[in-house]
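Q: Whole structure, please, built from the sequences with the hints as guidance.
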Amino acid sequence: MLTNFGCGPDSFTLQYIDEVLAGHPHLVVEIDDHSSDAGLITRLEAFLDTLTTPARTSLQDLEPGLETLTARSGPSRNQMMPSEELRRTLDGRKLYFPYVSPGMSEILKAAIRSVGIDVEILPPPDGRTEELGKKYALGSECHPFIVTLGDFVKLTEQPDFDPAKSAVTIFNYDGACRLSQYTLGHKLALKKLGYENVPVIGPIISTRRDEFSRLFGLRCTMALWKGWLAAEVLERQLLATRPYEKTPGSTDKAYLDGIHRIAHVLECSSEFLPHAETKLFKTVKAEVAGIKAIPVNKQNGRPKIGILGEFYTVLNSWANADLFKQLEDLGAEVKTHGIAATNFFLLFAEHYHAQEMRRKRRPLAAAFYSLRRHWMVKWADALEDLLDGSSGDVRLLHSGQIMQDISEHIHSDIDPVSTAFVARFLDFTRKGVAGINYVMVLNCMLSNMTLPIFRRIAAQNQNLPLLATPYDGLKQTNTRTRLEAFVEQVQGFQGRYL
Amino acid sequence: MKYWAGIDLGSISLKLVVIDEAGTLIASVYKRTEGRPLAVLQDVLSETSKEFPEFEGIVSTGSGRGLIAEIIGAKPKNEILTQAQGAVALTTDVRSIIEIGGQDSKLILVSRDPKTGRVAVHDHSLNEVCAAGTGSFLDQQASRLGLSIEELGQVAMKSEHPAFVAGRCAVFAKSDLMHLQQAGIKRTDILAGLCMALARNYLSSVGKGRKLEAPINFQGGVAANPAVVRAFETVLEQPQGSFRVPDHFKVIGALGAALAAQKSEFAAPFNLHKITAQVESHLHSSSQLHTGPCLGQSDLQVLSPPKLQPAKIINSPRFTKDKKQNVYLGIDVGAASAKLVVIDGDGEPLASRYAITQGNPLQTIRTLLLSLRKELGDRARVRSVGVTGSGRSFIGAMIGADVAINEISAQARAALRIDPKVDTLIEIGGQDSKYVRFANGTVVDFEMNKACAAGTGSFLEEQASRLGIQIEDEFSDIAYASRKPADLGTRCTVFMESDLIHHQQNGLQTQDLVAGLAYGVVLNYLENVVGSHPIGDNIHFQGGVASNGAVIAALENQIGKKVTVSPFHQVTGAWGAALYAQDRWQETETRFKGFDFDLHLTDMSVFNCQGCSNVCRITCHSRGDADTVHFGGICDRYESAGRQALFRSTPDLLEKRQELMLAYAQTGAVSEENIQAIGMPRALFFYDHFPLWYTFLQQIGFRVVLSSASDHDLYYRGLCETQSDSCLPVKMLYGHVLDLIAQGIETIFLPNEIELPHERDDLKRSYNCPYMQGSPYMMRAAFTGRARFITPDVYMAGSRENLLPVMVETARKMGIPRKTALCAAKAARQAQEDFRNELKKTGRAVLKKLNRNRTVILMGKPHHLFDTGQNMHLAKKLRKLGVTAIPYDFLPLSEVTLPDVFANVVWKNSHDLLRAAILA
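Protein chains in written order, with this note's numbering: chain Y, 1 to 498; chain W, 1001 to 1920.
Hints were generated in silico from the structure; no laboratory data involved. As the structure is a computational prediction, the values presented were derived from the model and not from experiment. Hints should not be assumed to be uniformly reliable.
Straight-line distance between alpha carbons at most 27 angstroms, and here's what the computed DSSO-like set of lysine-lysine pairs gives [unchecked claim]:
1) W:Lys1561 - Y:Lys192
2) W:Lys1075 - Y:Lys325
3) W:Lys1186 - W:Lys1877
Where chain Y lies over chain W, by a calculated footprint (3+ residues, C-beta under 8 angstroms) [said to hold, decoys possible]:
4) 1715-1724
5) 1876-1884
Each residue gets a CB set at the ideal place from its N, CA and C atoms; glycine is no exception.
A: What follows is the structure in structure tokens.
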């Protein structure tokens, strides 16, 4: 089998083929832009020397240990609550989810707990996580996969880990990026570790399907939405306040306390929905006001830098080497899609759900999705209205506007994530940022595909400073050099054009 | 008079510049740090203090700026900015700056502010994850060839035909260099090829499609090399002499820093004696620093000498000069060294030799053969000779070997000879490292290092020499002294090297770095070579690196098992080759030309074979008319009669596929007059759907012009346009688009095929990969204003299938009536269906006559596997070995239903490959 460096699909397909061909001679050859024949011939000759005809694995042997729960298989009695299949699978087990960021993870935990599932967020990743992830991955997968795999393997190393009482979960996707393979990839690694009985739950969320709601129940989805948007609004206030705070650490503390309180309200909101919503809204309002009240010194205006890119790396301060604070230390104010990247994608995906249902001639389902989206937008608008000034200028983008904005640059059907990135990039240029930092993951297909498009848009906007920083867990010593020069460039741009 | 100083501490050198009140450079120092940055800083400051007792201000820059700032209180400033500032001070009109230093390469674009007239950086780029476009790359290659970096430039300038050396990764370049040397290519051409590789790599990994506006400055240490400057001009197709190498090009960063110092405010002047003392005191106290755990993997165990130290080879008592004896000779010509072993009839080694080739393998082999002869005397009769290693073809032909065997099989053969119960072989050599797994005395699995040399011996040597340490004499003892081995990261040599520099500049102790290197090699080997393959219990460790006790200790600590090291570990490849020679000896006369055969070449020439469109570059070595060997041909033209027969009796199904596909270009030819041309790149979608799109475009009245076939030139031309690190096939697409533009094509057809037809309706999604989907938009962004792209967005499957309407709409936009478009679309779909059926029919016919032992299925992505410019003529190489290779899409894939576990595998190509694997 021929492969080449950086191939996204092959980074997983090779593992699956290995599994299918277990015990059957096969050779993987990586051919890239090097011209030497000798290595190739050596491999071919050695391969031919090993050719024998051993017994091969049958497909019956292949399946056990690789099953994952990614979609609901049948109708559910109560659409609001988790499916029977999920409950059965999780009976007597604790569900573990990898840590992403305070806003994302705390809220997720609260939302899942609110529907009666025992869930725990794994500790934030560290060097050991990275090491374990690399050890059990093929190596050519993307960095978020490697880190989340490391999180799961680290879990299995804990002295009190009981495979019979544990299950793991991570979002799944059926777009063309590597994320679609995370669930099966994690399962394969757990199988190799001898934990094939640990269930892997990977609800598929895409433009076509929302299996998260079908598996975890609509009530959980709604709680997530409400919570994530609340955390997002709080985060935007954090980013607009922290660079100017008089007492270092005061904004972070207020933010984290706020997230805890929002999560608590979500988790305990078993009351009638509108009442719970009001309570949550009041809490968010109070927390935003709390951060706004932090004493600041805004005498020296800072240039604004927009950060966008691969969700996990943007959100996870360990994966991005604390990028936000680094840029703030260098004198910038940062804006990002933050958790909203996820929300934003989901919101955008919602637009497809209704379309898909109409195409399938299911008007009731289409109407349901349209209504649901309407509710989401309304809630987002209400929360975003709590913000003002610098914290209020980056808002969720609406589908119609996205489609209109991106049409010149990319087709919206290629991948909603790419579409979302392009739309946000354009939005940043309109919102007066003096530079954009594109956070990439090494070999990420969507990042590499969109980067040329971003370069073109930046050129069309008076050569807006654009820095693409790839992250893959390596301690790159020159990242700081780049960031310093970038901030200086941004300051120059601000002086000239803004 | 007042003075200011700038100090630039880079990865391999320290630069200091002194300026006066007028900003004029009045003194400068450039010194290599050789792993002792602080000691060198101390020397330089001490020397400078003789002339300048104090400075008004000091700014530090470069990767060590923070350390200097911390020790002497200088202000640190980013080197991108100091390089730009220095360059503008020397050459006010500069617009683009290429700066290539030891570890980092920079591209800095500056522009003049229309309002203030001030020059400012408006874009910049650094090398990201690869050091191939940096000075260290050249340093490494120069030292490999036994040259100083200055000599390299002078020698390379003499070349008229630079050899082709890959540049994407330092490792590939090293391998190329070695293979070129072993193929006898002239040193001047190899060196010039290296410079070209550096330029190409810089432009693709740092330039990333950015346009370099003139005037262009070339600065940094590498600018001293005229061959590199010439290479940049050649690659960018600029006239010679168009790049400027400014005065003081080596110290411009320090100059910029000094100028920055002049503009900064400092509390008090810097007394040189005082700051020199501060550096000295820091040097002495650094042993008390860094006592905390290392970053990352902090639990690396302390290394202790392994219980079983590798034994030295002693002369075999089995051999006596007095007795006539049949012997078998094995030769292993590796990347960095040559090994010879002579065995007796029982397969036991009688004598062995090992030497570093120093870039001249032929001469090394000759010396070793003569030395063996001296030891063996006249009574040893060589019955057969086996040769292995990466230079086996060339050396084998030159000395008259009877058997050429690949090095994996040779190493495995020796391991089995040493211990028939071995289950795992770990082999770490100079350039290559291998893993072999055995079951019941046969090889069942193997792996070699691919894109990375970090888990190899040459890495260890290079890094040790950076620290000024001898591998053989002192490395292990120093490593054993470490109480806290440093974590140097894993993966590529370059990253590890960066970390080494980083730690060095932070003053970490040498023994911790050395122990870290021992672990580094092991961790890289385990991660990159072994990966997820199992390691058994009876483990043998072979190769030159197995001499290193610290590496053995690190390996045992990491895998938690003991390993066995044979006294012959350095020469096991040659031993294995000798054993193969013995196995295959059938009482025939050996072709061996003798121990004292003169291996000097009388003639060496390189020519382009004009036999077909491949135009192979053939190297011909000659020792007179009767003794000529050729290398470099893809086909059988320059092979022996026996190999020609084998080649010709084996079908080439990749070529057959190409013929079947391109046959659709022959049908329904239209007049070329007054017909609008439309370009079609031979890339990506081309290998899936050529019959479909060609037929469609032709039938709606276009003259379809194809880009040239993929090759190195096309690829590297395109590389200068690539704006992100995608993958080989996408980078190749840039070259194809450029090629069409160069042919005068204004409109290029590049469909966005989002979803592809299913082989079977067992899965929901059947996507193309995002690069394939996004390629039209990437090209549109990259070639704005240079070409117009027709990019229909097509779903060929699923609920959104829209091929027919999209074809009609595409035609409508080009002014074609609906009726014509519909007819064309139907014919196009039929053509595609016919092509698919032809493939399956051919496949069925081949499968009927199958010889299972000599048949393999070829799997991959169509745009990679079926492009001869990318697949390195894989099918022809297999043909030479007498193996029939069946492309996976010749198989009846639609007969296979995929198991449910693969329900969310979203890519069409992955489905096909999984189906093919199940059929295998």
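Q: Check the structure against each numbered hint from earlier and tell me which ones fail, lowest number first.
A: none
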